[in-house]
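With chain A's structure known, arrange chains B, C and D on it following the hints.
Protein chains in written order, with our numbering: chain A, 1 to 219; chain B, 220 to 438; chain C, 439 to 656; chain D, 657 to 874.
Since the hints were made in silico from the structure, they are not lab data.
These figures come from a predicted structure and were not determined experimentally.
It cannot be assumed that every hint is accurate.
Here are the computed lysine to aspartate or glutamate pairs in the EDC-like style, where the Cα-Cα straight-line distance is at most 20 Å [stated by the list, open to error]:
#, chain 1, residue 1, chain 2, residue 2
1, C, 568, D, 787
2, C, 441, A, 43
3, C, 582, D, 665
4, C, 568, D, 792
5, D, 823, A, 64
6, D, 689, D, 805
7, B, 238, B, 389
8, A, 123, D, 747
9, C, 606, D, 852
10, B, 403, B, 431
11, A, 123, D, 738
12, D, 823, A, 63
13, D, 786, C, 574
14, D, 659, B, 282
15, D, 689, D, 846
16, A, 19, A, 43
17, B, 358, D, 805
18, C, 595, D, 856
19, B, 342, C, 531
20, D, 823, C, 638
21, C, 508, C, 454
22, D, 794, C, 572
23, C, 508, C, 529
24, C, 605, D, 854
25, C, 471, C, 529
26, C, 606, B, 431
27, D, 813, A, 65
28, D, 800, C, 569
29, A, 123, D, 692
30, D, 823, C, 639
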Amino acid sequence: MDANMEKEYIARRVAKELKDGDVVNLGIGLPTMVANYIPEGIEITLQSENGFLGMGPAPAKGEEDSYLVNAGGAFVTLNPGGVFFDSAESFLIIRGGHVDTTVLGALEVDEKGNLANWMVPGKMVPGMGGAMDLVTGAKKVIVAMNHTAKGSHKILKECTLPLTAVNAVDLIITEMGVMEVTEKGIELVEINPEFTVEQVQAATGATLIISENLKPIEV
Amino acid sequence: MDANMEKEYIARRVAKELKDGDVVNLGIGLPTMVANYIPEGIEITLQSENGFLGMGPAPAKGEEDSYLVNAGGAFVTLNPGGVFFDSAESFLIIRGGHVDTTVLGALEVDEKGNLANWMVPGKMVPGMGGAMDLVTGAKKVIVAMNHTAKGSHKILKECTLPLTAVNAVDLIITEMGVMEVTEKGIELVEINPEFTVEQVQAATGATLIISENLKPIEV
Amino acid sequence: MNKLITLEEAADMIHDGMSIMFGGFLGVRNPFKLVDAIIEKGVKDITLIANDTSFPEVGIGKLIVNRQVKKVIASHIGTNKETGNQMNSGEMEVELVPQGTLAERIRAAGAGLGGVLTPTGLGTVVADGKDVVEVDGKQYLLEKPLRADVALIVGAKVDTKGNIRYKKSTRNFNPIMATAADLVIVEADEIVEAGELDPDDIMTPGIFVDYIILGGDK
Amino acid sequence: MNKLITLEEAADMIHDGMSIMFGGFLGVRNPFKLVDAIIEKGVKDITLIANDTSFPEVGIGKLIVNRQVKKVIASHIGTNKETGNQMNSGEMEVELVPQGTLAERIRAAGAGLGGVLTPTGLGTVVADGKDVVEVDGKQYLLEKPLRADVALIVGAKVDTKGNIRYKKSTRNFNPIMATAADLVIVEADEIVEAGELDPDDIMTPGIFVDYIILGGDK
Chain A
1 MDANMEKEYI ARRVAKELKD GDVVNLGIGL PTMVANYIPE GIEITLQSEN
51 GFLGMGPAPA KGEEDSYLVN AGGAFVTLNP GGVFFDSAES FLIIRGGHVD
101 TTVLGALEVD EKGNLANWMV PGKMVPGMGG AMDLVTGAKK VIVAMNHTAK
151 GSHKILKECT LPLTAVNAVD LIITEMGVME VTEKGIELVE INPEFTVEQV
201 QAATGATLII SENLKPIEV
Chain B
220 MDANMEKEYI ARRVAKELKD GDVVNLGIGL PTMVANYIPE GIEITLQSEN
270 GFLGMGPAPA KGEEDSYLVN AGGAFVTLNP GGVFFDSAES FLIIRGGHVD
320 TTVLGALEVD EKGNLANWMV PGKMVPGMGG AMDLVTGAKK VIVAMNHTAK
370 GSHKILKECT LPLTAVNAVD LIITEMGVME VTEKGIELVE INPEFTVEQV
420 QAATGATLII SENLKPIEV
Chain C
439 MNKLITLEEA ADMIHDGMSI MFGGFLGVRN PFKLVDAIIE KGVKDITLIA
489 NDTSFPEVGI GKLIVNRQVK KVIASHIGTN KETGNQMNSG EMEVELVPQG
539 TLAERIRAAG AGLGGVLTPT GLGTVVADGK DVVEVDGKQY LLEKPLRADV
589 ALIVGAKVDT KGNIRYKKST RNFNPIMATA ADLVIVEADE IVEAGELDPD
639 DIMTPGIFVD YIILGGDK
Chain D
657 MNKLITLEEA ADMIHDGMSI MFGGFLGVRN PFKLVDAIIE KGVKDITLIA
707 NDTSFPEVGI GKLIVNRQVK KVIASHIGTN KETGNQMNSG EMEVELVPQG
757 TLAERIRAAG AGLGGVLTPT GLGTVVADGK DVVEVDGKQY LLEKPLRADV
807 ALIVGAKVDT KGNIRYKKST RNFNPIMATA ADLVIVEADE IVEAGELDPD
857 DIMTPGIFVD YIILGGDK
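Bound conformation, chain A alone (with noise of 0.2 Å):
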């Protein structure tokens, strides 16, 4: 798979974690692009921290408006049903645990659950924006990256940058495997087949807990 192609598997097996009803943010990137995979049938109704709930799709060139851009300050349309407000009460929401799943990516994550993904000491520190509410917050964390950077372990044992939570992950998708965080570890439920299950753990920086149920990903 190429890079284009990696990201939309991964998406494509994100969205598959979705529910009926459930309220979803999204982060930017590659997580951005779950919205296009939601199963048919399924409603879920996506939050943008800038202040609204009912995020509809980029809008027809030509029609974007200045008013209404998303979190990463894209054009962005609002879906029948959705609702503006300000910053407050939209970290009510956040923090209030009624956001049910949130997607993001990460530089670091560990196999305590730990989350790592908004700065790079001395080389990038854009802040956490949005991302240290929503990883506390969310009922559920989805983390939707790479698997290895660029042959660099993301997947660890311990974080070593500055985190963005703590114990906060409950889902590592990348485009080799699904894993959970488990209180014993990082347990590998799902594999590429692509992949062969010692492919996977030598791009691990942590030592995976392989399911004994492992399946193939279907996406």
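Relative to chain A, chains B, C and D alone:
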């Protein structure tokens, strides 16, 4: 003066404390009457703790709106430019210091500015409603009441009833005089010409400081 | 995800011993139909959370008179003598909470905050048994978040997704209660299709609302 | 009480060293005219409080590029490289605050609360040097209220009393900033007479707003 004339006298004097542009919360009973005596050229905005700004007078008979009552449950109207909000915002306004003046009655006030107006143990326990927040949050707290309760002192050296707030009262206005709560005690700054200083002192349970500039009340 | 249910279906979800938040202020727009359904069903041992206990014959005031309430958490009980009577006789527990503190405690629960740091109540009986936290040399009372099993609220216009618009002074505690209960049922004056309300003017997002019943004709 | 002033009058109120909150999100509806007036006046040593520092050529981003800012308090600075550059060179101080914490800190200041007890940031560098308060066995970070000398916000429709309606996603931090500054100036897309806005649909009461300038034609 009879009881009604006393109330009007007090309400008229309180009204003179209000400045153009002030946001004011008036308690139930006598304080509500203050709205009738706002001086010419002074525009104030009345806040109602159940959720609006710009409270207007009672509606004409037959024009009551079942969706619009004040914090005492009485039908009122809304002035042009008024605005409705929820209880959290209402008390953000109150507790956050955005109300310039609150006027309310008291069972007891003492020379430290302590106020008791919400319960008489074993007898009357209506609850504090919004009073504790109002006297804690408003920039200026005016107690408007009869000087005594059928002869019993209400202005005391130290409150005996459960307090509404500590060190909260700025000004006490009764049918006998206008008193400022200062660091040194209660200072009589204006007196109703119908009474002597000695009479006011006799009706007061704390030693009054008599202002060097003691003036007659003008209403 | 059809949120519209009958009054009977709503009543089936309310059980003995539940904590229930009720919107309304001095009986002005309590969820009257839902209250009557609770009376008819005879739900017992309710922990009633509301601004006040209304009047004996109006809305939630009737639940007190009917002795269906085990505990009241409110800012004001003076308009319903029966509340004071049952409190004084020890039949019912009453926790009096300053109105602004009540609002913030409910909001804190809805917002996932650990509590409220307020100057309100310092030096009074409200502070009894509570922690005082000092921030930059000033003291604040630590008031804890307040959640309920159920919130029964009212809306003037509600769409089929549960988005709510309130009207005039009847907004009061309804929007924050909607955020702080496991089950939220709104009694709507009027129900409209999703998309009919201006998204800028919706006051409670439908994600907070589990079910809708049609009110009106009190 | 005429609140309508000119851009020049507004600029006269903004001085070196002030802390200023700016509404807007990634440059979408910062108060563009007020920002340009601050640039023209050359106000220095600003403490800039906003969700982010926008882009180098847009809105408040220009204040950074123009080196008029001494300190930034924001949740995100990644879209304006100049912010990172000046931070790394030590020319400018940057305090990064989680977006929800930023919102609650501002609201707490406006609401007279002593701080915010949030789980956000626990176990991260955000917690460094801050108190942790335990409530019923759970830990929360104590985040302090955040006020400013000035809040410069935007409104879509503003009446002459300063009542504000925001539009779509441009509401963001504006309503809470209006409650937490000594001086509040709103840049209005459109100004209408008091009484023209539906009192149910006003999002910021005019009592929070000191002055109004006419924006638009960015």
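Cross-check of the supplied hints:
{"no.": "1", "hint": "C/568 with D/787", "verdict": "holds (18 Å)"}
{"no.": "2", "hint": "C/441 with A/43", "verdict": "holds (14 Å)"}
{"no.": "3", "hint": "C/582 with D/665", "verdict": "violated (45 Å)"}
{"no.": "4", "hint": "C/568 with D/792", "verdict": "holds (12 Å)"}
{"no.": "5", "hint": "D/823 with A/64", "verdict": "holds (15 Å)"}
{"no.": "6", "hint": "D/689 with D/805", "verdict": "holds (19 Å)"}
{"no.": "7", "hint": "B/238 with B/389", "verdict": "holds (16 Å)"}
{"no.": "8", "hint": "A/123 with D/747", "verdict": "holds (17 Å)"}
{"no.": "9", "hint": "C/606 with D/852", "verdict": "holds (16 Å)"}
{"no.": "10", "hint": "B/403 with B/431", "verdict": "holds (14 Å)"}
{"no.": "11", "hint": "A/123 with D/738", "verdict": "holds (14 Å)"}
{"no.": "12", "hint": "D/823 with A/63", "verdict": "holds (17 Å)"}
{"no.": "13", "hint": "D/786 with C/574", "verdict": "holds (12 Å)"}
{"no.": "14", "hint": "D/659 with B/282", "verdict": "violated (33 Å)"}
{"no.": "15", "hint": "D/689 with D/846", "verdict": "holds (14 Å)"}
{"no.": "16", "hint": "A/19 with A/43", "verdict": "holds (8 Å)"}
{"no.": "17", "hint": "B/358 with D/805", "verdict": "holds (18 Å)"}
{"no.": "18", "hint": "C/595 with D/856", "verdict": "holds (12 Å)"}
{"no.": "19", "hint": "B/342 with C/531", "verdict": "holds (17 Å)"}
{"no.": "20", "hint": "D/823 with C/638", "verdict": "holds (7 Å)"}
{"no.": "21", "hint": "C/508 with C/454", "verdict": "holds (10 Å)"}
{"no.": "22", "hint": "D/794 with C/572", "verdict": "holds (19 Å)"}
{"no.": "23", "hint": "C/508 with C/529", "verdict": "holds (8 Å)"}
{"no.": "24", "hint": "C/605 with D/854", "verdict": "holds (11 Å)"}
{"no.": "25", "hint": "C/471 with C/529", "verdict": "violated (26 Å)"}
{"no.": "26", "hint": "C/606 with B/431", "verdict": "violated (49 Å)"}
{"no.": "27", "hint": "D/813 with A/65", "verdict": "holds (17 Å)"}
{"no.": "28", "hint": "D/800 with C/569", "verdict": "holds (18 Å)"}
{"no.": "29", "hint": "A/123 with D/692", "verdict": "violated (31 Å)"}
{"no.": "30", "hint": "D/823 with C/639", "verdict": "holds (10 Å)"}
Hint compliance for this structure: hints 3, 14, 25, 26 and 29 are broken, all remaining hints hold.
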